[in-house]
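Chains as they are written, first to last, in full-length UniProt numbering: chain A, 1 to 320; chain B, 1 to 320; chain C, 1 to 320; chain D, 1 to 320.
Just so you know, the hints here were simulated from the structure itself, not pulled from any lab data.
There could be a bad hint or two in this list.
Since the list gives no way to pick one copy over another, a pair counts as held whenever it fits inside one copy or between any two copies.
Stated by the list, open to error - Using 20 Å as the maximum straight-line C-alpha spacing, the simulated SDA-like pairs for lysine to any residue come out as follows:
(1) K14 with H96
(2) K14 with G97
(3) K14 with R24
(4) K14 with P95
(5) K41 with G52
(6) K14 with H259
(7) K14 with F261
(8) K14 with T230
(9) K14 with T2
All of these numbers come straight from a predicted model, not from anything done at the bench.
Protein chains: 4
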Amino acid sequence: MTLDRHAPEAEIAKAVGAFSNWGRWGEHDVLGTLNFLDEAKRRQGAGLIRRGASFSLSQSFDMDGPQRGWRRRTNPVHTMLDTGVEASLGIQGFPHGLGGADDVIAMPLQCSTQWDGLGHIFDHGKAWNGRSAAEVVTSAGDQVTGIEHMAAQVAGRGVLLDVGRHLGEGGELPDGFAITEEHLRSTAAAQNVLVGRGDIVTVRTGQLARARREGWGEYAGGPAPGLSFTSAGWLHGTEIAAVATDTWGFEVRPNEFEHAFQPLHQVAIPHIGLLIGEMWDLDALAEDCVADGVYEFWLTAAPLPITGAVGSPVNPVAVK
Amino acid sequence: MTLDRHAPEAEIAKAVGAFSNWGRWGEHDVLGTLNFLDEAKRRQGAGLIRRGASFSLSQSFDMDGPQRGWRRRTNPVHTMLDTGVEASLGIQGFPHGLGGADDVIAMPLQCSTQWDGLGHIFDHGKAWNGRSAAEVVTSAGDQVTGIEHMAAQVAGRGVLLDVGRHLGEGGELPDGFAITEEHLRSTAAAQNVLVGRGDIVTVRTGQLARARREGWGEYAGGPAPGLSFTSAGWLHGTEIAAVATDTWGFEVRPNEFEHAFQPLHQVAIPHIGLLIGEMWDLDALAEDCVADGVYEFWLTAAPLPITGAVGSPVNPVAVK
Amino acid sequence: MTLDRHAPEAEIAKAVGAFSNWGRWGEHDVLGTLNFLDEAKRRQGAGLIRRGASFSLSQSFDMDGPQRGWRRRTNPVHTMLDTGVEASLGIQGFPHGLGGADDVIAMPLQCSTQWDGLGHIFDHGKAWNGRSAAEVVTSAGDQVTGIEHMAAQVAGRGVLLDVGRHLGEGGELPDGFAITEEHLRSTAAAQNVLVGRGDIVTVRTGQLARARREGWGEYAGGPAPGLSFTSAGWLHGTEIAAVATDTWGFEVRPNEFEHAFQPLHQVAIPHIGLLIGEMWDLDALAEDCVADGVYEFWLTAAPLPITGAVGSPVNPVAVK
Amino acid sequence: MTLDRHAPEAEIAKAVGAFSNWGRWGEHDVLGTLNFLDEAKRRQGAGLIRRGASFSLSQSFDMDGPQRGWRRRTNPVHTMLDTGVEASLGIQGFPHGLGGADDVIAMPLQCSTQWDGLGHIFDHGKAWNGRSAAEVVTSAGDQVTGIEHMAAQVAGRGVLLDVGRHLGEGGELPDGFAITEEHLRSTAAAQNVLVGRGDIVTVRTGQLARARREGWGEYAGGPAPGLSFTSAGWLHGTEIAAVATDTWGFEVRPNEFEHAFQPLHQVAIPHIGLLIGEMWDLDALAEDCVADGVYEFWLTAAPLPITGAVGSPVNPVAVK
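Excised from the complex, chain A in its bound form (with noise of 0.2 Å):
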């Protein structure tokens, strides 16, 4: 697939066309992709169970995270309420020497490891399924797709396309890589194992890996490696039910056209209904896949309900 470099909009257009699901699943659906994630999908995701090993896929929440107030978003705040010191000096009102913590957050939910909801991007003011944005996403948040309809939804086959350690040196790919439909593709092969029709694939670039070491540096929102425009088409095409990347953005960046803003966010996640996962640690997951040979578990990456919410932060839960 060949890209004008020139034309993101007519490219996007051009997708828009071949890629898009509105319909698919009816003119009620708050799901998505999320709806090839079925019950056959988790009985097959329970057969990977195998040792019984478990890995979290979250990043921190916490201060030294990447976020540098772009469009007010910071890193989380996180107070406390009680303290164990105060507790200590038996000064806070409770009787017989019971002591308590508390705790508050202020946090963007997308600050950390997420889930991009369905009413995160819309295409000229289209939402999922053709809405309307503006009927979808008030001030008073998500009217019709809120993460909370997510919330028992996403759990099931959970593969890792580790592109940066196959495609990579030392196991990262550089920023401005974009990953290709045929690179994903390169990847499954070399790992020996399959896509399919309701996964929840992960995709590490080895990014993360490289901000842990050197520093957040442009972490958020700066070049990256990350999917290419080029592979919306198997993002639609193999029928999976969300994709995941250690990265801020989920897609390369800079991004593929001149003057452009995420353009296969635009495509994926309005058009194709596709839920998107980004910030992912897939580090810890990624060793040990190498060690055992086996890219595939169980997955649970159950969002938080915040009713009317266009994200939420995630722990995804990989059990192999």
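Chain A is fixed; fit chains B, C and D onto it per the hints.
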């Protein structure tokens, strides 16, 4: 087990003496009874995914929750940074028709469905494993047993004990009903399910169903059915990994002692090292268990790895 | 002025037609009636500082406030980032005995004593001065009339009209009492004080004193004494710069029309361009005014210049 | 006054011994040097309102501020609960054409223009007036000297010492410039202004003007001009009520001792009981003072009465 209702401090001390797990997993332990949840247990749990049906055990996270301000606990405040309304007007500054919505949240970590971390409760200035509460949980958070250490652990075999349905009228225990070891055992027997080492046990009282029907009222902190202080031995002796209820405070309220406050917490968290879940929504799962007679399942209930947190919101997902 | 209680929209339109200030200060105006508060008025106000006694007209900002969650308005949540407890233990990492405490707050801008900015209320999609509400206040905030434009303005002559004391029993008007132009004039006359162009007028109903004695109850949004819709002409004709009350909502509640919501706001903010203060604590000042018979003073009530805010917490300080 | 740069703890102790105000206003004092700001001082200040021109000395409160996350201090996050966009679409649920916008903020109390309260800094576990820091400021806030006690106090005579213009090039002192007592005196003399008991003194370094021109860089915590540790005697001896600068940290940075952190704070707040303002914007006022040669004015700088706060955002308003 009889209880001297006029001697809370002595009874607590007696329970502590009998049921402490301090040192059981070494002086550096940060997992408590999650140590019981091992790979073998996960393999056993995997075998319980038979149909592939999944259930979220989470309440909603929104302003319609039960919190009324006690100890500065509010309901979650979810606000939008961008919306579809602006996107539809094309005033967001993105090129080529892209639009986006983003959101933030401010909430206590224990505002809705949650885990109590090991740093949540202290006894006479001591935290889990005998550490000084003052050294463990400061204004900077839990320096030792923060919930992030549990990020990968909480996936295994879940069991539902529907005490509300077994012993209550209309499936609901009345407020003030103290669930004893005998009640737990008789419910398990009636349901034909075993509870053992490493299990994540959920106890349904029916109070949430009542609150859903009648309004929150004093759900947050008021009278409620819940575990009896006398169940401490069962919590300890069964060697379960975690326990969760559909109530605000896990244990029966009013508490069974005169002038006490959450005395079972005081034994269970700092001494047994038990992970306690509160405000879980067990109703849909319970309906399914009644229907198929199966009260065990695969359960993932992964806390958000908020560095240094003494609790975490959670969306537990059960799969049968 | 008689009011057809069954025709709110017509009555509002009539008031709008009679009392609009659109265009009065040019098409680019962002100050509304604050334009009346000029340097001469400040010189006049300065002459009112006779004794040097100062009064804060602010309620507290804490969890014991009146908010109950309406439209996601909570009481302020104030938490500590560091405390003296840690400082006393020497565990903060500062050298040479230095210790520190820091804090954060999360709050609606209209949770306690406040100003309503010009972007707070709209009439049929129109904001102050005839602008499109949609173009003025987006998810990014008030793009035109943000409260920051008023940062330097709100200092001048203040007047207290203690209607509660003049017309109420025990200094308090009953809930539902509609304060008319005649009430305002008779109070001013009884107090021997003039109200004129550029003044900041504070109107005491006594409801806050009642709430302080009896508990908040429905202070936030429930029945209250307040300005009558029919006072719109007085608010416009006196050419005052701002007006504030000791109630949640400034105007009488229940509102005087069937099925209306804050109709006086709908005239006063977008059409008159009037700065409105709510939840001010006028009681200590009122006691002093009774004592010395002087109901005018220097008043500074500077909003925090939160960029794009449609309201602001404020600590008004009166000096006599 | 010479300083042994290698003996911070001894020098601090020496200054504490010389300049302590503990007990000066009785054991129950919660105001510190604000006690110097009496009614006579306010009458004097009132006489300085000659033209009626008013100036806000506040920086903006928004995401474009200087904070970079140090000790969990972020820039303010301001979000909308409702907007004019929804109002214009008529989807807010209000009758008769009413529309509304509301907003919330989450911010450290010391994120922008601010007062340090008396509970902000401790010396060897002691807070203002010799109290135990552990008993004064807990997780529940400042139990004794919360900023709410100052709600009505901070209105009086203000003085600007434009040291940047007097001694700097282009009106700006370089980073690291330590402003001594001699610099303060010579500036006052050159400006023909007296500083005395009860004054609120603002010291302009010019660093904010530089940051405005060149970007924030390390404004929050990095090198800066500021008060010399040796100015402690002047701060004490002049009996001023408060002092504020246009810098992040009030005192010169790097601090004048090896391995010290804000040693002048350690003397000024807990021992002198001095109210310190930081990040004030003195530039517009300074331009006016140059123009008319008058460096004194009426100043109101009322903190928000956040119960138990150890600091407060503030919009100081000067009137000449």
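Numbers of the earlier hints that this structure fails to satisfy, in rising order: none
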